[in-house]
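K.L.:
Going down the list, the protein sequences come from chains A and B. Here the first sequence stands for residues -9 to 516, numbered as in the working numbering. Here the second sequence stands for residues 243 to 574, numbered as in the working numbering.
The hints are simulated quantities; they were obtained by calculation from the structure and are not laboratory data.
For the chain A half of the interface with chain B, some residues (derived, Cβ under 10 Å), not all of them:
#1 Phe275
#2 Ala401
#3 Asn429
#4 Gly471
Please read these numbers as outputs of a predicted model, since none were measured by experiment. In this text, a Cβ means the ideal position worked out from N, Cα and C, and glycines have one as well.
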Amino acid sequence: MSGGAGTSGSSAAASLAAGASGSAASGGATSERGPGSGATSGAGVGGATGTSGARTGSGSVASGGAGASGSTGSGAGANRGTGTSGGAVSENGAFEPKIVAFVCNWCTYLGADLAGTARLEYPPNVRILRLPCTGRIDTNLVVKAFETGADAVLVSGCHPGDCHYTAGNYHARRRWMLFRHLLEVVGFDMRRIQFTWISAAEGRKFQQVITDITEQTRALGPYRPYDGAAQPAGLPDAGAVADGREPASTPAAAAETALRETAARLLSAGTVKVVIGYGANGPVFVTSAADVSRLVWNGRSRANLTTYLKRPEVRALGRPAIVVKGCDERALVVLEKESQVDRKDVHVIGMACAGMGQPKCAACDTLQPRFADETIPAGAGPEETRGADRYAAVESLLRMPPDERLAFWTAEFDRCLKCYACRQVCPLCYCERCLADKNRPQAIDTSPHRKGNFAWHLSRAIHLAGRCVGCDECTRVCPAGIDLRLLNLALAQTAETEFGYRAGMDRAAEPPVGAYSLQDKEEFIR
Amino acid sequence: MTREQLRQLVAEWLAAGKAVIGPVRVKPGTVLYTRLASADALLLGGWVRPANSIKEAVFPRHEVLYSYRVEGNGIELVDPAEEAREQIVIGAHPCDAAAWPILDKLFDWDYRDEQYHRRRAATTVVTMACTEHDEHCFCTSVGLGPEAERGSDAMLVEGGGEFQVRTLTEKGGALFAGCASAGGTACATTATTVAALFDPQRVAGFAREHFDDPFWRQHALACLGCGACAYTCPVCHCFDIVDEGNARGGVRARNWDACQFPMFTLHASGHNPRHAQGDRQRQRIYHKFYLYPEKFGEILCTGCGNCARNCPAGLGVLPLVSEIRDAEPVQA
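Between the sequences and the hints, there should be enough to build the whole structure, so can you do that?
P.N.:
Set out below in structure tokens:
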């Protein structure tokens, strides 16, 4: 064991988790065996501090060696600094799983406290991190916990109806449905993540849950991040589904002429100061009616230009008109819903589209813009709907065994250069400072290594949960060809099947994240 | 030698335990320079332009500089292992290979980067003279060409379904020792012809005299501020130093960084000297055509066109420099 490490670990824990006095949470349980080991074993698993905690002598019930100083876990913990090694080992050589429990302050933490004061015995493998509410638990904390050496994670809060902030646990439940589906698609071993409701009166349930998770994780063995994932068994055909149709079979030339005329009219009337549209080689920003010939409309008009509405340099040009396809327009709906765009300040020119030959086009049902200020060609026919199942790519991925899925994503993410083209091109990634750019503390490793890449892509995806409109720009621009659309699709699938919501389709619909329903599923919650 | 003989040779290198890097179709639609798992994975013939460059072989995107361990009151620093594994890059374009002599100057300037030079010494580059090019290529504008030999240890010239081997250095010679045509130079060249599109001197001149020109911001409006151009550029070499770990141990690492990110020049005070995206685009052109030549005597660009090929918004060196070329007579 290393005393120094223990000290720093516990101080981190004190500031982060176990600040309360008399936190007999897990200490109580071990005190029968090792009175001196009381205190709390809440180890700061780096959720906020970046330090992986070593517990301070929290007894040794499982390893059998009782005693005041029996800190079997901390020696092993010290070796796990970078989170690459898996599995603490007890004095007798057996694997001792490290369980990180993110619990809410009002119910589960008090349930743990009750277990302690009632002298209920449970394994000392759990490290408790107390947060105000399950609704406040960022999924990145879970990723961090695994990065820094957790073998399993428990998230636990108040029963439905018991939340001390009225509805935090309902929000958590919904967010966890999305996050769990994301992890499933990535191929994560879902047995290592547990969600429970434990009230302040359920000391016994806490005891039982911790005992069960410890035993189950012990049987699973150490968590080895992305191990055995070096060789993908073979890339699935998911995502490679091409439209099969030649792009833009509509009379593009006529539409292009109409577009230029519209732009000239708007600019010369002073209705708008700039027209954001497609040029021969990329987006163009036309500010004069004399320049409208720079605007084009053809089978390469793929970009989602709504992303430029967030850029300060473009905003500085004055009131814009923007050229959108039916799919791009969905981003505008979300931006409006999130108060990023005031539709009064944007003139929307919708282009009826026949598909751009991208995978998304096969299942497109927004070929016709629906909310545009004007549509070209004017009064285009009724909306055509492509028949393909839009979630087919996710389904085919889910048919692979989890370890093959993980191997697939490992190979994909290993190519990531962290150029952030995916983020920059996304119309809905508009944070002034991205979580990935925050370094006090470093929320996500900036390094483009496996750990940093997984953390980044999981974070990117979950931040778009229930928001992504499926324009697939992230996938189009990735220089490494990473199939990011599959992650977005997975979350869109959950949003649609569980909450009946498709981002950007209905201006009045309530987004799934930030709302909840008492009927939300919770079969994954114990 | 024929394609099959070349593939056989690559298989022998792999069997001898050497790391071989070459163009690989990692998935439909994506070709990258990657470590070859087998000789069959190597893409040969036709227009093969990987999205990335070969710089990663000597300047990895993530590199541990040293690690540290805290034991009690002591701190132990551990250097990374010194030996660099012998590696061979095959199927590189001349514009990829030419990047390395340019980078050598930077990594041996005020500080000699031993890790870089160890890898450089352990790496042999076999280029393939270009028989085709696309609309993004402009190597001849920066003094190179489809069969430029700079930086290559050996060059393969395809003609009549066979490769002719030009060995250019001892390292290159050692690889192809025993091959029938080794050392030969006369060959009916099948190399493509790329027209020179601009004069880099004039770009430097424009840059020098138009620092505050509104040109930069106007022409960077479409720039989204990602690092796709820099990260796929054979010569972009900016990096960031990060510490990863905790109170007991960890690493200090070097990661690629890019001048197009706002974070690249953001001061701790919150001030950013390159406030707008146009300022960052200007920096990229400045560095390549004005600042680097001033310091090291050569252009920091090999005309590969990767920036434009990978740009989500159709920008890149050639599009921007073409604007300068077209705009300059008016401005001057």
